[in-house]
Amino acid sequence: MRKPQRLGFIYLSIFVALLLTVMPMPQMVKLARPDWALLVLMYWAMALPQRVSVMTAFFTGFIVDVLVGTVLGVNALAFAVVIFAVAQHHLKMRNFSVVQQSLLLGMLLALYQLLLFWLSHFLTGVYFRPQYLWPVLTGMLVWPWLFWLLRRYRRQLKIQ
Amino acid sequence: MNEIYSRGPSLPLRLLLAVVLSAGLMFLDRYTDSSTQLRSYLTAAVSPLFYVASLPEALFSGASEQFMSQQAVLEENARLKETLLQQSGKLQLLGFLQQENEKLRALLGSSAALPVQRQVAEVLAVYSHPFSHQVVLNKGSTDGVSEHQPVIDDLGVVGQVVSVGPTSSRALLISDNTHALAVRAERTGVRAIVEGLGQWDLLRVMHLPHSTDIREGDRLLSSGLDGRFPEGYPVAKVVRISQDASQPFMVVYAEPYARLDRVRHVLLISSPPAVPEQTPPTQPEVPDA
Numbered sequence: 427m428r429k430p431q432r433l434g435f436i437y438l439s440i441f442v443a444l445l446l447t448v449m450p451m452p453q454m455v456k457l458a459r460p461d462w463a464l465l466v467l468m469y470w471a472m473a474l475p476q477r478v479s480v481m482t483a484f485f486t487g488f489i490v491d492v493l494v495g496t497v498l499g500v501n502a503l504a505f506a507v508v509i510f511a512v513a514q515h516h517l518k519m520r521n522f523s524v525v526q527q528s529l530l531l532g533m534l535l536a537l538y539q540l541l542l543f544w545l546s547h548f549l550t551g552v553y554f555r556p557q558y559l560w561p562v563l564t565g566m567l568v569w570p571w572l573f574w575l576l577r578r579y580r581r582q583l584k585i586q
Numbered sequence: 283m284n285e286i287y288s289r290g291p292s293l294p295l296r297l298l299l300a301v302v303l304s305a306g307l308m309f310l311d312r313y314t315d316s317s318t319q320l321r322s323y324l325t326a327a328v329s330p331l332f333y334v335a336s337l338p339e340a341l342f343s344g345a346s347e348q349f350m351s352q353q354a355v356l357e358e359n360a361r362l363k364e365t366l367l368q369q370s371g372k373l374q375l376l377g378f379l380q381q382e383n384e385k386l387r388a389l390l391g392s393s394a395a396l397p398v399q400r401q402v403a404e405v406l407a408v409y410s411h412p413f414s415h416q417v418v419l420n421k422g423s424t425d426g427v428s429e430h431q432p433v434i435d436d437l438g439v440v441g442q443v444v445s446v447g448p449t450s451s452r453a454l455l456i457s458d459n460t461h462a463l464a465v466r467a468e469r470t471g472v473r474a475i476v477e478g479l480g481q482w483d484l485l486r487v488m489h490l491p492h493s494t495d496i497r498e499g500d501r502l503l504s505s506g507l508d509g510r511f512p513e514g515y516p517v518a519k520v521v522r523i524s525q526d527a528s529q530p531f532m533v534v535y536a537e538p539y540a541r542l543d544r545v546r547h548v549l550l551i552s553s554p555p556a557v558p559e560q561t562p563p564t565q566p567e568v569p570d571a
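Order-wise, the sequence lines are chains A and B. Residue numbers for the first sequence follow the numbering used here, beginning at 427 and rising by one. Residue numbers for the second sequence follow the numbering used here, beginning at 283 and rising by one.
Because the hints were derived from the structure by calculation, they are not lab data. Don't take each hint at face value.
Derived EDC-like pairs: lysine to aspartate or glutamate, alpha-carbon spacing no greater than 20 angstroms straight-line [to be verified]:
| no. | chain 1 | residue 1 | chain 2 | residue 2 |
| --- | --- | --- | --- | --- |
| 1 | B | 372 | B | 429 |
| 2 | A | 456 | B | 339 |
| 3 | A | 456 | B | 543 |
| 4 | A | 456 | B | 483 |
| 5 | B | 372 | B | 311 |
| 6 | B | 385 | B | 339 |
| 7 | B | 363 | B | 339 |
| 8 | B | 519 | B | 500 |
| 9 | B | 519 | B | 477 |
Residues of chain A placed beyond 12 angstroms of chain B at every Cβ, according to the derived structure [stated by the list, open to error]:
| no. | residue |
| --- | --- |
| 10 | 450 |
| 11 | 510 |
| 12 | 528 |
| 13 | 529 |
| 14 | 530 |
| 15 | 548 |
| 16 | 578 |
Don't be surprised by glycine CBs; every beta carbon is placed ideally from N, CA and C.
Could you build all of it, start to finish, from the sequences and the hints given here?
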């Protein structure tokens, strides 16, 4: 079995994604902000599912809950479910082209938004508005660039 | 072989664990009171992240101020001087009115209005998750901030503090889905409750019967009856009324005065509210004989 190597760099990338999640932005841009933390976790779950999977996603989601101020556990649950799906099918997903990947991830991002809305609706009674789905589209558009960037990052630093 | 199954519990088992843990968290946070304390600790723990995340913006705005032309600075200075002059003119009158008000209150035998203390705070992060409208402020318990403290800006009510860390605190905005406050229409004195909808520029006025006298353009001021917000601060302006007889109540929408989506500096007010928070005892107290 390979020894875990340079795991710190994985956490560094998740930390940066969390920073991007709370970075102040103009209102228009903010509504369409991609779910950075989830996208980065998706990459790691696909590339190194033995290092990053459901529990990492759970803890990252919990931090997002604290940062964003949603009911504790809502993001944690949605992250865990989505990353479970990615980790379960990582071998298949690796073989897809980047465009196919981003289409598939778009569906997963939509599932994430749906779960989030659903749980928040039961817990705090929010109303649905179609604008909530903007992050799905921007997430799909961002994915190819993020994938390329993170793959270089992983290979350069030899994270396994 | 697939390494994922060779180490630790299987993937579905981990998912089950995560689901159970988050269900527990949700229950704890939503249906018990212990989460307030937990949230303040967590807020304190993550506050450095907010400082780091707002660095680029702070640097950027700092740089743009640095390179502002002298002409622009002079113009701004002139404009500020003018507003200062106008406002201090109004303030002179205010001092007189306050004195008169106190005398009249004394004549009526009612309790004097308590002095209000204000504290300026800066917004570190406006988190605009559609399901939670909150801002993080750079003042915490070491500055004397406490929970439920009202937050206003130069135009109107912004929200209230919901969790406090040592150096930062979190305020819930009036546009949040879970927020409601008691208001009174300035023109008619009609009492109502204003709820957030999760939209930045729209609030809903709840439970107004069809016969209520309310018009578009009416100013809604905080009534102080909720025991949280002091009386008389502007909250919102009525913008849309729809009278649908099939609905039990009028559907009234209002636009907040405070620019919730771009607030930068806010005032934290600390004054005892008009109505004490604890309900008075139902039976009159028997004086000691």
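Next on the checklist: Can you confirm whether the C-alpha distance between residue 456 of chain A and residue 543 of chain B stays at or below 20 angstroms?
Outcome noted: holds (10 angstroms)
Checklist entry - Going straight from one Cα to the other, do residue 519 of chain B and residue 500 of chain B come out at no more than 20 angstroms? => result holds (6 angstroms)
Checklist entry - Taking 20 angstroms as the top limit, are the C-alpha atoms of residue 456 of chain A and residue 483 of chain B close enough? => result It holds: about 15 angstroms lies between the C-alpha atoms, which stays within 20 angstroms.
Item to check | Hinted pair residue 372 of chain B and residue 429 of chain B, Cα distance within 20 angstroms | outcome: violated (33 angstroms)
Checklist entry - Is residue 363 of chain B within 20 angstroms of residue 339 of chain B, Cα to Cα? => result Violated. Residue 363 of chain B to residue 339 of chain B sits at ~28 angstroms, over the 20 angstroms cutoff.
Item to check | Least C-beta distance between residue 578 of chain A and chain B, which was stated to exceed 12 angstroms | outcome: The claim stands: residue 578 of chain A keeps its Cβ more than 12 angstroms from every Cβ of chain B (closest is about 23 angstroms).
Next on the checklist: Please check whether the beta-carbon of residue 529 of chain A is more than 12 angstroms away from every beta-carbon in chain B.
Outcome noted: Its Cβ never comes within 12 angstroms of chain B, the nearest being 24 angstroms, so this holds.
Checklist entry - Would you say residue 528 of chain A is clear of chain B, with no C-beta pair closer than or equal to 12 angstroms? => result holds (23 angstroms)
Item to check | Closest CB of chain B to the CB of residue 510 of chain A still more than 12 angstroms away | outcome: violated (4 angstroms)
Item to check | Distal placement of residue 450 of chain A relative to chain B, Cβ over 12 angstroms | outcome: Check fails; 5 angstroms does not lie beyond 12 angstroms.
Item to check | residue 530 of chain A non-interfacial with respect to chain B [C-beta, more than 12 angstroms] | outcome: Check passes; 18 angstroms lies beyond 12 angstroms.
Checklist entry - CA of residue 519 of chain B to CA of residue 477 of chain B, is that 20 angstroms or under? => result Within the cut-off at roughly 13 angstroms; holds.
The structure fails hints 1, 5, 6, 7, 10, 11, 15 (numbered hints given earlier, in ascending order).
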